Each structure stands twice: as C-alpha cells, then as structure tokens.
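There are 2 protein chains.
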Amino acid sequence: MRIEILTTGDELMSGLTRDGNFQWAGQTLTGLGFDVTYHTTVGDDKEILEAAFATARDRADAVIVTGGLGPTPDDLTIEVAADFFNVELELNQAALDMMVQRFERIGRKVSETNMKQVYLPEGCHTLLNKWGTAPGFSFEADNTVFFFLPGVPKEFRAMMEEYVIPELKNLNPDMKKSCMRLVKTFGFPESEVAQKLEGIERDGVKLGYRAHFREIHLRVSSFGDTTSEAQELMNEFLEDIHSRLGHHVFTTTGEMLEEVVGNILQEKSLTLSTAESCTGGLLSHRITNIPGSSKYFLEGVISYSNQAKHNILGVPMELIEANGAVSAPVVEAMAKGVRNLAGSSIGVGISGIAGPGGGTTEKPVGTVFVGVDSSLSGTISREFHFRGNREEIKLITVLNTLYMIRQILLNNV
Amino acid sequence: MRIEILTTGDELMSGLTRDGNFQWAGQTLTGLGFDVTYHTTVGDDKEILEAAFATARDRADAVIVTGGLGPTPDDLTIEVAADFFNVELELNQAALDMMVQRFERIGRKVSETNMKQVYLPEGCHTLLNKWGTAPGFSFEADNTVFFFLPGVPKEFRAMMEEYVIPELKNLNPDMKKSCMRLVKTFGFPESEVAQKLEGIERDGVKLGYRAHFREIHLRVSSFGDTTSEAQELMNEFLEDIHSRLGHHVFTTTGEMLEEVVGNILQEKSLTLSTAESCTGGLLSHRITNIPGSSKYFLEGVISYSNQAKHNILGVPMELIEANGAVSAPVVEAMAKGVRNLAGSSIGVGISGIAGPGGGTTEKPVGTVFVGVDSSLSGTISREFHFRGNREEIKLITVLNTLYMIRQILLNNV
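Order-wise, the sequence lines are chains A and B. Residue 45 in our numbering sits at position 45 of the first sequence; the count goes up by one each step and never skips. Residue 255 in our numbering sits at position 255 of the second sequence; the count goes up by one each step and never skips.
Bound conformation, chain A alone (with noise of 0.2 Å):
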C-alpha cells in the first residue's frame, strides 16, 4: 500500500513552522511496518492543493492530509476537497454538536466563523476531534482514501492514533503485529555502533539508526503473527544488541541519560549535588528536568570565578594557582567542596574552556575536566578533549558527566 502524506500551510511552506507532524507520521507508520512513500507539502492556495490531490490520488493508495481545516478564510481544504470529489459541503449534524457541547465547557458561543468548521463534504465519513474543535474526516475516490486531519499537532497524533492507524491496518487484513523500542547508546560514534552491529538484522526486524549530539539512537521495530512473537523477536534482538554494545546501551526504552542516572540515584537512595564552572548550570538543569529530581538533588554551585570556586566551595587560591582553573585537582576539590556543603552522597566539579575565548597552546578550547566525589567511587576525576562550538562543549560536558555518573553508580569505574 503505497501511503502520501500531504501537509498543507503557508507557514510550512516558508519555513516559519517545522513540519513536525510529517516527522512524527513518517516514524510511527515506518514503526508499524507501514511505507510511507511520498510526502508533498503545499501552501494554501485552492489551485495547488487540488492538484496536489489528483497527484496523489493518481500515486497513493491511502493519502493522509493535515491542515487548513480551521476557520479562517486561508482554511481552504474542506471547500477543495469538495470540489475536488465533486460533491456539495453540508451541515453535519455530529460535528456541530461536539463542538456546541465543547464551547459549551469553556463557556464560548459558536460564531459564524466556527460554523464553517462543521459543514462536511456530502457522503464523507465523519472523524470527531475530541481533542479540538476542528473536525476531520475520510472520503474514498477511486480506490484511493483520503483522511482529512487538523494541523494541530495534539489534535492530529490524536486522530491519527484513534482513527487514521486503525482503518489502515484495516485496509491491511494481513499486516503483521508489531512491537516498538528505542534504544539509547553513549559513547561510540555513529560508525562504530554500526559496525559492532555489522550482520545484527534479521528477519522481521526493522533497525533505524539516528545520531542525537553524541548519542547513537536505534529505533528498532519486530513484526510477527503474534503480538507475543514480535515480542519474542524484540527480547532476542535486543539481548543480541546488548552483547555487542554492553555498557554502551544505557535504556532500551527511551529514557533520558538524566532520567537513567535519576532512576539509579533514587533506587540506591543516594543524594548528588553539582559545582559546575564551564557548563554553568546546564548539568543541574538537566538533571532538575526529571520530575521528582528534588528527592536526589540537593544543591549546585555555578562557581564562574575563581571567588567563587574558593569562597563557595573552598577550593584553596594556592590550588588554583599552582594547577590553574582547568585541572584535575581543582575539580577534585570542587567535587569535594560541594558534596560537604550539600552534604550529599556524590559531589561532581566540572572545569573546562568551553571557548571560543580563553584557550592556550596547553589549554586549548575544549579541555575539560570533570571529578567526582562518593564513598564509592573516592575522589578521581578525568581530563577530555572535546571539539565543537560554546554551546556543543556544554553539552558534550555534560553528558559525559552524567555518563562517568551512571558508570559509577553501575560500579563499572
């Protein structure tokens, strides 16, 4: 079955708005095992877009539109797509109650504007928005169905789940079951994941790779007869992928490094607190993104100067000027210094030139050096040497910092 998604929008078009909503159908119909085979995106203009229909009417078996079913005067899909199936707009009756009734909770009443909303194309099959007011529908032509979504993209997942992905495994009758994960790897460049991965496919599995900064995402689908069988494929797959990756592997369910570190820390009832100086509070803003976070995370110090770094956290002016800011003993210092005034179970210190001033011939822009703090790990700190821009250090900083966390705590260092 060949599948066109046609996004429609003026602010698509000049790239004021990203086509989120094509990324995130791309991903989870190639995920079911559906092809998704052209993808044409158009503004609003009624010549045009009913082109785009007949082109894809004439190429696709099932085409999903989304957009331009609002009511201001540049919604213009329901009017094409009636001309286009050669029928007359009508009141339709379901529509208009639903969206009486949503007004009705937010105390609104329906305007002349909205109404235009509710007046379907004759003979359409009717998909209620439960999730907004604009309603969508499906109509057949020529053996090739149309759905006709809203462009909110809260609105479209919705729709797309409840309705859209339903009536095209039904179109499919023999379409195999399928299971979904998102795999998660540090510390290998996008090659080296692929080539520890060399030979790993295998029937019935479907294994996308995606470079994220420095993680190596592998979004891997199973399909089988069964939902148990694509379940069975997935645990084979996925324990094949963790012998060849080990530590590497840090979720195989989607979780953030943050997340996996939070998890860790909360299991093991341990507190952590931060002293950063180049990262300047994007580990700790990273780490307070996790709901809950407040129960592990005590304090952090962003100690850009040197002041800061002795009069906070006590780290001795003779240190830094014997080592420098950027050192292995100013961090170790650093992490010691803010775990004693958090009092807390791990104290991690984070010095580096994130650039694109401040680097020396011994120094260079990207020397960081992170330490960490614990009972289990005893004061140790490594030294890296990143490439990249100011706000690319930060966040290669940081990652591995939460990265040689997570190590520690796993009782892998």
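What the hints contain is simulated information worked out from the structure, not anything from laboratory work. Some hints could be false.
The list makes no distinction among identical chains, and a pair is therefore deemed to hold if it is satisfied within one copy or across any two copies.
[What the hints assert, rightly or not] Computed list of lysine to aspartate or glutamate pairs in DMTMM-like fashion (alpha-carbon distance at most 25 Å, straight line):
#1 Lys-196 - Asp-75
#2 Lys-130 - Glu-140
#3 Lys-46 - Asp-61
#4 Lys-176 - Asp-61
#5 Lys-177 - Asp-61
#6 Lys-46 - Asp-58
#7 Lys-206 - Asp-45
#8 Lys-46 - Glu-229
#9 Lys-268 - Glu-321
#10 Lys-196 - Glu-162
These numbers were taken from a predicted model, which means no experiment stands behind them.
Guided by the hints, dock chain B onto chain A, whose structure is given.
For chain B alone, kept in the frame of chain A given last:
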C-alpha cells in the same frame, strides 16, 4: 516562477531525520521574494524517484533536489537523473580534480567507491562542492531547470547561496532587491501582536509570524528596485512596529533575550549573579551560553533545598518557615544573599513550583516568585502564575526573569 523542493532519503521518510534543508530553503527563498510552490519528499527508490522528477518537471519551473549524491548504494540520485534526462554518465574531470585535492589535504586516497560521485550526467552544468566531497550539478529539461545538491546541511546551504540563488535571480531578472530582518517580541500572545499590527501591511513588505514558545518572532522582508530603497522601506516598517509594540520588541536583529541582556550588562559595566530554585540552573545555563558572559556573570547557586537557601545564601530559616520557600520575602532574600556572596551589581532569586508534584491549593503548580536586588531597582519581586509542564514552567520563568532584568537595566520598571 514555480519552485519545487524535492528532498530525498529513507531517513526522511521514516522520520528519523528532520528535514532541516527544506525548512531553511523555504525561509531563505520566501524571504528573498521567491515562491516555493511544492515540496516533495521521497525515499531511496529508483522508480519513485524518477516519478517524482517527472511530476516536478510537469508542474514547476525550477526544481531543487537534495540528497542521494553520496558514494553508498542507496545514493541513487545521479543514476536516476541520467536515466530521466536520457543521457549517459561521464567522468567529470573538474569534480575529480577537486576530490583528489580534497582527499590529499587530509592524507586520503580517492577510493573506487568515491569515484562513483564524479560520474555525472552528460551535458550537465557542474556545481563544484568546496564544502564537502559530493559535487552537485544542474540540468535543463523541457524548460524546467533541475538543481542537484548534497543533503549535508552545511554543504546544501553553501551551494544554495553560491550557485542556486544567483541562478534563480538570473532567471528572474525583474526581481526586486530585498532586505530581511528577524524581529523578536516578548510579553504579548500572538493574537495580541497580530491585533496591534493590524493594517501594518504595505506594498513592498512581507511579514511572517512565528510563535517561538513565549516569544513572537516576526520575519520581515522588504523589496525595492535598489537595495537602499528596500532598506529604507525596512527602516520605516521597523519604526512602525516599534511604535505599536513598544518595549515588547527586544531585538530587530535576531539576538536571543540572554544576548540582549548580556550586551546591556557589558555596556553598563554591570555584573550579575543568580540564585535559582525551581529553574534548576536553566537561567545561568542560558546566560552562560553567550560567549564572553564570564565578563558579567559571576556566579550562580542552585539552592534546591531549604538548607542550601540558608547555608549558602543566608536566607533565615524563620523567613522560610513563616512564608514558605515559594514567597516574595524568600526570593528577595535569595537575591540579596547571592548579590552579597558574589559582590555583583545585580542579584536574582527564583523560587517556584515547577510540578508536576508539590502544588497546594494556595500555591498551585506554576506559582513562581522572582526577586531582584540591585542599586538600580532596590529589592523588588514579582509573583507569576504559569501554566505548562515542568520544562515549560522552567523555561517561561527564565524568559520572564531575563525580561525583568532587561526592563530594570533599561529603567523601564
């Protein structure tokens, strides 16, 4: 002139990679006054790719194809293009010379695999790639000109600017000269910005809106027979925007809010320190993303626990007990405490409930207090009630805090 952008690659169809090239090209071409009429994406499949070429030829005057020029077996664009244009592939000496030189510089030899990239369709016009290995080319067929460019974003953008845009301008000799600016506003929702700008449209100016979280961005393009005419139109238009939106416009040249604040701090030789609770380091992270921020950002404290508020910042425990950690007196004491600790011109204190837990009837999730202590403002604080998930509340808080600092620095408070 109808332009079609045809982006190719299985990684786009499966949603694993975001189609940033299209978004960039849409923004750039629309801003220059071109009409981007169609955008199509297809995967790495010979038959589909050739069909997409045919559709594009029939409906567009210029087609920009990206991707599939690499050395691997799934890079099919060159081969399919030759078939489609009905010509043979031939060795392109200029492209080969360039590749040999490029590889020599990094001490590599051109492999057989790479040789595939320098066999281009007979009669094409070569677009040499100075930014990577894959040469591009253009070809005219039935009055439609096709441009073939690599998919690597850096190479794609450079070659668009070096070759494609000048050629598109040649094909449209009557096109006006243009001028583009990115205006950013804060503090008004999109509907209010639109209302205040009602009727501002005029001949020779194009205005595009984009809600970027709580900021509303306005992409303005002006067009004239000469560059200075376009520039003059732009200046008048920006003045009109200013008179309608006042201080809510924080830049007309695209800077981020933290950059605007940093610039004013530097101009006025003032320094800043921060004490964050619910934002968890995001404020200091954003501030320290700006190169040179160490000149004005002295230190930050993430006082997640009450203990930290007391121990490091000197907030009296009785004050916390009497008012709660999320209160005006506490954030004012945090601001004073961190200003005192750092010896900075300005101290900022933030405390709030980012959720999802921790809310009460009196102080629901989204309640945030921001305090500032400085000689410009004295000790002041504001109470906010935000909606959103945890990360959104952190971000809204940081934006409002940055905006509050800007207003104080500009004596707008």
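Here is how each hint holds up against the structure:
1. Taking the shortest alpha-carbon separations for Lys-196 and Asp-75, only the inter-copy value of 23 Å comes in at or below 25 Å, while the best intra-copy value is 50 Å.
2. Proximity of Lys-130 and Glu-140 under a CA criterion of 25 Å is satisfied intra-copy only: 23 Å inside one chain copy versus 49 Å between copies.
3. Proximity of Lys-46 to Asp-61 under the C-alpha cut-off of 25 Å is found in both arrangements, the shortest distances being 23 Å within a copy and 19 Å between copies.
4. Proximity of Lys-176 and Asp-61 under a CA criterion of 25 Å is satisfied intra-copy only: 19 Å inside one chain copy versus 43 Å between copies.
5. Taking the shortest Cα distances, Lys-177 and Asp-61 sit within 25 Å of each other inside one copy (21 Å), while across copies they are farther apart (44 Å).
6. Both within a single protomer and between protomers do Lys-46 and Asp-58 lie at most 25 Å apart by alpha-carbon distance, with minima of 19 Å and 18 Å respectively.
7. When the C-alpha separation of Lys-206 and Asp-45 is checked against a cutoff of 25 Å, the pair qualifies only between copies, where the shortest distance is 17 Å, while the shortest distance within a copy is 38 Å.
8. When the C-alpha separation of Lys-46 and Glu-229 is checked against a cutoff of 25 Å, the pair qualifies neither within a copy, at 48 Å, nor between copies, at 33 Å.
9. Neither within a single protomer nor between protomers do Lys-268 and Glu-321 lie at most 25 Å apart by alpha-carbon distance, with minima of 38 Å and 30 Å respectively.
10. Taking the closest pair of Cα atoms, Lys-196 and Glu-162 never come within 25 Å of each other, the shortest separation being 39 Å inside a single copy and 39 Å across copies.
Going down the numbered hints, you'll see the structure goes against 8, 9, 10, while the others check out.
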